[in-house]
Amino acid sequence: MTLALSTQGVDKSFGSLVVARDIAISLPQGERYALIGPNGAGKTTLINLMTGMLRPDGGRIFLGDEDITALPPAERVRLGLVRTFQINTLFPQLTALESVTLAVCERIGQAGVWWRGLPSERAAVDEAYEILKSLRLAAVCNRPTRELAYGQQRLLEIALALATRPKVLLLDEPAAGVPKDESTELFNAIAGLSKDIAILFIENDMNVVFRFASRIIVMVGGRILVEGTPAEISSDPRVREVYLGKAHHG
Amino acid sequence: MAMTASTPSTDPHAWLRRQTRWHPVEIAFWLATLLPFFLFPNYLVLASQIAITALFALSLDLILGYAGIVSLGHAAFFGLGAYASGILSKHGWGEPLTGLLFGAAVAGIVGYATSFIIARFRHLTLIMLTLGFGLLLFELANKAHWLTGGADGLQGVKIWPIFGRIQFDLWGYTAYSYALIVLFVLFLVCRRLIHSPFGLALRGIRENSVRMPAIGAPSAAHIRKIYTISAAIAGVAGALLTQTTETVALEVLSFARSADTAVMLVLGGAGMLYGGLIGSIIFMIARDQFSGIAPQYWYFWIGILLIVVVMFLPNGILGGLSTLLARWRKP
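Chains as they are written, first to last, in the numbering used here: chain E, 3 to 252; chain B, 670 to 1000.
Please keep in mind that the hints were generated in silico from the structure rather than gathered at the bench. Idealized CB from N, CA, C, for every residue including glycine. Each hint should be verified, as a subset may be incorrect.
Taking CB as the label site, the calculated pair distances span [said to hold, decoys possible]: (1) E:148 - B:996: 14 to 20 angstroms; (2) B:793 - E:95: 20 to 26 angstroms; (3) B:840 - E:94: 48 to 54 angstroms; (4) E:152 - B:972: 39 to 45 angstroms; (5) B:861 - E:4: 42 to 48 angstroms; (6) B:686 - E:149: 17 to 23 angstroms; (7) E:124 - B:840: 47 to 53 angstroms; (8) E:183 - B:858: 49 to 55 angstroms; (9) E:149 - B:854: 34 to 40 angstroms; (10) E:223 - B:996: 54 to 60 angstroms; (11) B:695 - E:183: 44 to 50 angstroms; (12) E:149 - B:761: 58 to 64 angstroms.
Construct all of the structure, not just a fragment, from the sequences and the given hints.
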């Protein structure tokens, strides 16, 4: 089993608040893992740690065989470790096509070119358009991002990530705020992504998690409580108690 | 939502090409810049100053309007260009075009050196850094009397005829032609730049600096690059002022110049390429007219204009006009 992404003993605290304690995760190539846990369990923090937006206090992070613990975020993206955001983090005044074209240009090293017009980057534009088409955003590709429907903006989050040709994709609640019927559609799009991409996604809707994840990691209070197949997790008494129990209290 | 993929509005290439195409209003604008030759031949000196200020405002627009780097010390580069070309000519080389290049090079090199600091900060810190750098350079030039002439200004600047033939005249005919041509050429460069992949990356930084690293973008490298280009263009503007006036006053490095230019950009509309040009035309003509009425108080009127514009036209006069135009087209 080749690992796409793995962490060893990752720790992080803010003052006395421990947000990650001895986190060890192994995400094999092409797998779809879900990361679940109650609010404040440290799921988004873990994504921030893995993508370099936060520095861990201890431990190491590997992309494939490469130790990326010390690399800045943009560098990790260029190596293939890419994330999306729980709260839309887009370019409001750029059109969907411009946004994705920008991401493609950054990947192929053309974003520093200032002496040629954007229309002459035909290959990059074509690629961006194909990505938007695959996520059914082609019809609105020339609209400014701020004018897109919320669900379309969620898809654009994923489109931007895909434009970087990720090896590992970390999706932070990709369907956050999306109505239930649209959320299934969104996860169908995610499930349809290339099997070359390993995916770790955070999601609160258990139906979605059990349907799309091959394995589930449960986090509580900055620690990994348990990891297993959907069947194992759904029958685990600790998960029932800690996770589902708390969820009922809201 | 009912649009299909075959309608022209979703053709990606056609849409992008349309963004870079010359608008008839643009052509009209550049033709109008020739009007002073025929309508106001007595104002060609003022026209040349406006063209120089417009070029400086354009350089500020590249960093402020496109990359979102707010600078209150951009006159540093204008002044560097002005002094560099002036000192070069004082020491025996008065050829204008190489003088412009020299001004651009000096300003560009200093711009590149400082860009390493600039690229690491944002917001208020950045404003204060640029402001501090501007003040520092002003006092350095003030102190270095032996090199710059200090508060007395740099004397003894002699500019040779352009191409060895065209003399600078008292009426500003050559000065305006020369400044206008340089402005237009560098405008073409800027226009190409903002419609390039690099221009798109700059807008990306302005729109969302958090997302840029998440798509693998080296934002700091982009910022260093545009800051250097902007500084070099500001240097050309400064050199133009030296060459058309054959003197350099300490004022070229002043805070007032940095602030005035930021005001022009806000008045005209930042991030629209023409905003700085429109803004400098309005500002300079207003200054000329109002200071004729009451020399001390002309900033009063600029103050009113600025307040009205930022309250009612958040994207400047140009932004207001284009909104109006869009509304008129789509009733």
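Against the structure, the hints come out as follows:
1. E:148 - B:996: 14 to 20 angstroms: This hint holds: roughly 19 angstroms between Cβ atoms.
2. B:793 - E:95: 20 to 26 angstroms: holds, 23 angstroms
3. B:840 - E:94: 48 to 54 angstroms: For residue 840 (chain B) and residue 94 (chain E) the Cβ distance comes to about 49 angstroms; the hint holds.
4. E:152 - B:972: 39 to 45 angstroms: Holds: the Cβ-Cβ distance is about 42 angstroms, inside 39 to 45 angstroms.
5. B:861 - E:4: 42 to 48 angstroms: holds, 46 angstroms
6. B:686 - E:149: 17 to 23 angstroms: holds, 21 angstroms
7. E:124 - B:840: 47 to 53 angstroms: holds, 50 angstroms
8. E:183 - B:858: 49 to 55 angstroms: holds, 51 angstroms
9. E:149 - B:854: 34 to 40 angstroms: Distance hint for residue 149 (chain E), residue 854 (chain B) holds at roughly 36 angstroms.
10. E:223 - B:996: 54 to 60 angstroms: holds, 55 angstroms
11. B:695 - E:183: 44 to 50 angstroms: holds, 47 angstroms
12. E:149 - B:761: 58 to 64 angstroms: holds, 60 angstroms
Of the numbered hints listed earlier, not one is contradicted by the structure.
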